[in-house]
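Since each chain comes alone in its own frame, lean on the hints to assemble the complex.
Next come the chains, spelled out residue by residue.
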Amino acid sequence: GENVEQHPSTLSVQEGDSAVIKCTYSDSASNYFPWYKQELGKGPQLIIDIRSNVGEKKDQRIAVTLNKTAKHFSLHITETQPEDSAVYFCAAPHNAGGTSYGKLTFGQGTILTVHP
Amino acid sequence: GAVVSQHPSRVICKSGTSVKIECRSLDFQATTMFWYRQFPKQSLMLMATSNEGSKATYEQGVEKDKFLINHASLTLSTLTVTSAHPEDSSFYICSARGGGLASQYFGPGTRLTVL
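Sequences listed follow chains A and B, in order. One point on numbering: in the working numbering, the residue at position 36 of the first sequence is 36, and numbering is uninterrupted. Going from the second sequence to the working numbering is simple: count from 1 and add 1000.
Since the hints were made in silico from the structure, they are not lab data. A few of these clues could be false.
[Claimed, not checked] Distance windows between CB atoms, simulated:
no.: 1; chain 1: B; residue 1: Glu1059; chain 2: A; residue 2: Thr10; range: 25 to 31 angstroms
no.: 2; chain 1: A; residue 1: His7; chain 2: B; residue 2: Thr1017; range: 39 to 45 angstroms
no.: 3; chain 1: B; residue 1: Ser1018; chain 2: A; residue 2: Lys58; range: 44 to 50 angstroms
no.: 4; chain 1: A; residue 1: Lys58; chain 2: B; residue 2: Thr1080; range: 41 to 47 angstroms
[To be verified] Here are the computed lysine-lysine pairs in the DSS-like style, where the Cα-Cα straight-line distance is at most 27 angstroms:
no.: 5; chain 1: B; residue 1: Lys1064; chain 2: B; residue 2: Lys1020
no.: 6; chain 1: A; residue 1: Lys37; chain 2: A; residue 2: Lys58
no.: 7; chain 1: A; residue 1: Lys71; chain 2: A; residue 2: Lys57
no.: 8; chain 1: A; residue 1: Lys37; chain 2: A; residue 2: Lys57
no.: 9; chain 1: A; residue 1: Lys58; chain 2: A; residue 2: Lys68
no.: 10; chain 1: A; residue 1: Lys58; chain 2: A; residue 2: Lys22
no.: 11; chain 1: A; residue 1: Lys68; chain 2: A; residue 2: Lys42
no.: 12; chain 1: A; residue 1: Lys42; chain 2: B; residue 2: Lys1041
no.: 13; chain 1: A; residue 1: Lys37; chain 2: A; residue 2: Lys71
no.: 14; chain 1: B; residue 1: Lys1020; chain 2: B; residue 2: Lys1055
no.: 15; chain 1: A; residue 1: Lys57; chain 2: A; residue 2: Lys68
no.: 16; chain 1: A; residue 1: Lys42; chain 2: B; residue 2: Lys1066
no.: 17; chain 1: A; residue 1: Lys42; chain 2: B; residue 2: Lys1014
no.: 18; chain 1: B; residue 1: Lys1014; chain 2: A; residue 2: Lys37
no.: 19; chain 1: B; residue 1: Lys1055; chain 2: A; residue 2: Lys57
no.: 20; chain 1: B; residue 1: Lys1066; chain 2: B; residue 2: Lys1014
no.: 21; chain 1: A; residue 1: Lys71; chain 2: A; residue 2: Lys58
no.: 22; chain 1: B; residue 1: Lys1041; chain 2: A; residue 2: Lys22
no.: 23; chain 1: A; residue 1: Lys37; chain 2: B; residue 2: Lys1041
no.: 24; chain 1: A; residue 1: Lys68; chain 2: A; residue 2: Lys37
no.: 25; chain 1: B; residue 1: Lys1041; chain 2: B; residue 2: Lys1066
[To be verified] Negatives, chain A to chain B, calculated, CB over 10 angstroms:
no.: 26; residue: Gln14
no.: 27; residue: Asp17
no.: 28; residue: Ala29
no.: 29; residue: Val54
no.: 30; residue: Lys58
no.: 31; residue: Leu66
no.: 32; residue: Gln108
Remember, it's a predicted structure, so these values are computed and weren't measured experimentally. Just so you know, even glycine gets a beta-carbon here, dropped at the ideal spot from N, CA and C.
Pulled out of the complex, with its shape left as it was, chain B reads as follows (with noise of 0.2 angstroms):
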């Protein structure tokens, strides 16, 4: 149980370009979602927190208009970075809470690689 997913696990697309990324939970409807970012040999980093129906939080720092978070349904979220850049280049994360569940439990990671 508490199996979540993320596609696309990597992708590459130039500069300027906007890419979705989706998270799903697959077995239990997640109240909240987490999206993360990860350097190499870093710890996580929070970038926002959202809940189903409503506007996602987003950690200081992280630009809201250029990830956009989306969380439609008690199943998917998804992040969109918008007029991306090879700084943006990284691992990315989400994880999903609910259903009961005390923990957060994470999808496998999006390598986003921007030219």
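So that you can see chain A by itself, here it is in the shape it has in the complex (with noise of 0.2 angstroms):
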């Protein structure tokens, strides 16, 4: 199965900076990453996506780029508001070449916390 790795843990901005969250993968078949955003005592709310035939996707602030080469994708916050700060996960399949009926493989995490 897939192993994804997410860095880093935790992350503090001021509001108005850039935030970068970094995910690798270990599947080389893997051809799908969805970013999910957590706020407290919430379900995770699907933020953005990309498949892997694009190397970049853009919605207003939020964006995410894709190195399948070195199998890494990130996830790119701009001009950051304290609404922004919650725990962001990202996912890869969990068994891209076979059947898994969408599973996902989740990163551990990142705390993002944006100061006004």
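What follows is the structure, encoded as structure tokens:
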């Protein structure tokens, strides 16, 4: 199965700065990489995803980049705001080459704190 | 679109009782639903995968007789924690996938406290 490593575990930035969270994966067959935001006491919310046929995807202040050769992908948040404070999880298919019914392997999570 | 609900949001029960948690996909047909458990400040731990109309597949170390999962329709899956004990206290989250959607969409979670 897939192995996903996420860094950093905590990230503290000032409002207006950019934040970058990185994940590496092990299975070269993985072809789909979602990012989730989880606020305290709530379920994770899908914020952006990317397929392996593109190298970058943007949605307003959020972007994800993918480097298939190096097997890593990153979440970029620009012009951070206090409401961006949350735990962010990356994920990759659990078994991209097999039958896993869409199971995902999650990273360890990054606690992002945006200071006003 | 892709809204998943969970009920109840919080439940407190006595040790030895059973608790049922419902997970519903509100605007799409969920061919697959997943149940996770999350401890404080930790990542999501997958407990089981359920496909509509078939038995759930449990992850290693998860007791299938303790955590009963039923996926009776394309919009509803239930998790029943049987004979709950204090160590079962946790945040339980479901997710659903299907309807041509690539990813999983999560419910808001259920906080279970066993006294």
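Tested hints:
1. B:Glu1059 with A:Thr10: 25 to 31 angstroms: Since the Cβ atoms of B:Glu1059 and A:Thr10 sit about 27 angstroms apart, the hinted range of 25 to 31 angstroms holds.
2. A:His7 with B:Thr1017: 39 to 45 angstroms: holds, 42 angstroms
3. B:Ser1018 with A:Lys58: 44 to 50 angstroms: The hinted range 44 to 50 angstroms holds for B:Ser1018 and A:Lys58, with Cβ atoms some 47 angstroms apart.
4. A:Lys58 with B:Thr1080: 41 to 47 angstroms: At 43 angstroms between Cβs, range holds.
5. B:Lys1064 with B:Lys1020: Status holds; Cα separation ~14 angstroms.
6. A:Lys37 with A:Lys58: Roughly 16 angstroms separates the two Cα atoms, so the pair holds.
7. A:Lys71 with A:Lys57: Holds. A:Lys71 to A:Lys57 sits at ~16 angstroms (cutoff 27 angstroms).
8. A:Lys37 with A:Lys57: Distance of about 17 angstroms is within 27 angstroms: holds.
9. A:Lys58 with A:Lys68: holds, 18 angstroms
10. A:Lys58 with A:Lys22: Between A:Lys58 and A:Lys22 the Cα gap is close to 16 angstroms, so the pair holds against 27 angstroms.
11. A:Lys68 with A:Lys42: Violated, because 32 angstroms separates the two Cα atoms, which is more than 27 angstroms.
12. A:Lys42 with B:Lys1041: Cα-Cα ~13 angstroms, so holds.
13. A:Lys37 with A:Lys71: Answer holds: A:Lys37 to A:Lys71 is near 22 angstroms, not above 27 angstroms.
14. B:Lys1020 with B:Lys1055: holds, 17 angstroms
15. A:Lys57 with A:Lys68: Measuring from Cα to Cα gives roughly 14 angstroms; hence the hint holds.
16. A:Lys42 with B:Lys1066: Judged against 27 angstroms, a Cα distance of about 25 angstroms means the pair holds.
17. A:Lys42 with B:Lys1014: holds, 24 angstroms
18. B:Lys1014 with A:Lys37: violated, 32 angstroms
19. B:Lys1055 with A:Lys57: violated, 37 angstroms
20. B:Lys1066 with B:Lys1014: holds, 16 angstroms
21. A:Lys71 with A:Lys58: Roughly 19 angstroms between the alpha carbons, so the hint for A:Lys71 and A:Lys58 holds.
22. B:Lys1041 with A:Lys22: Judged against 27 angstroms, a Cα distance of about 19 angstroms means the pair holds.
23. A:Lys37 with B:Lys1041: holds, 14 angstroms
24. A:Lys68 with A:Lys37: Holds: A:Lys68 and A:Lys37 sit about 23 angstroms apart, inside 27 angstroms.
25. B:Lys1041 with B:Lys1066: The given pair, whose Cα atoms are some 25 angstroms apart, holds under the 27 angstroms limit.
26. Gln14: At roughly 23 angstroms from the nearest Cβ of chain B, A:Gln14 sits farther out than 10 angstroms, so the non-interface label holds.
27. Asp17: holds, 24 angstroms
28. Ala29: About 16 angstroms separates A:Ala29 from the closest Cβ of chain B, which puts it past 10 angstroms; holds.
29. Val54: Fine: 13 angstroms to the nearest Cβ keeps A:Val54 off the interface.
30. Lys58: For A:Lys58, whose nearest Cβ neighbour in chain B is about 18 angstroms away, the distance exceeds 10 angstroms, so it holds.
31. Leu66: holds, 15 angstroms
32. Gln108: violated, 5 angstroms
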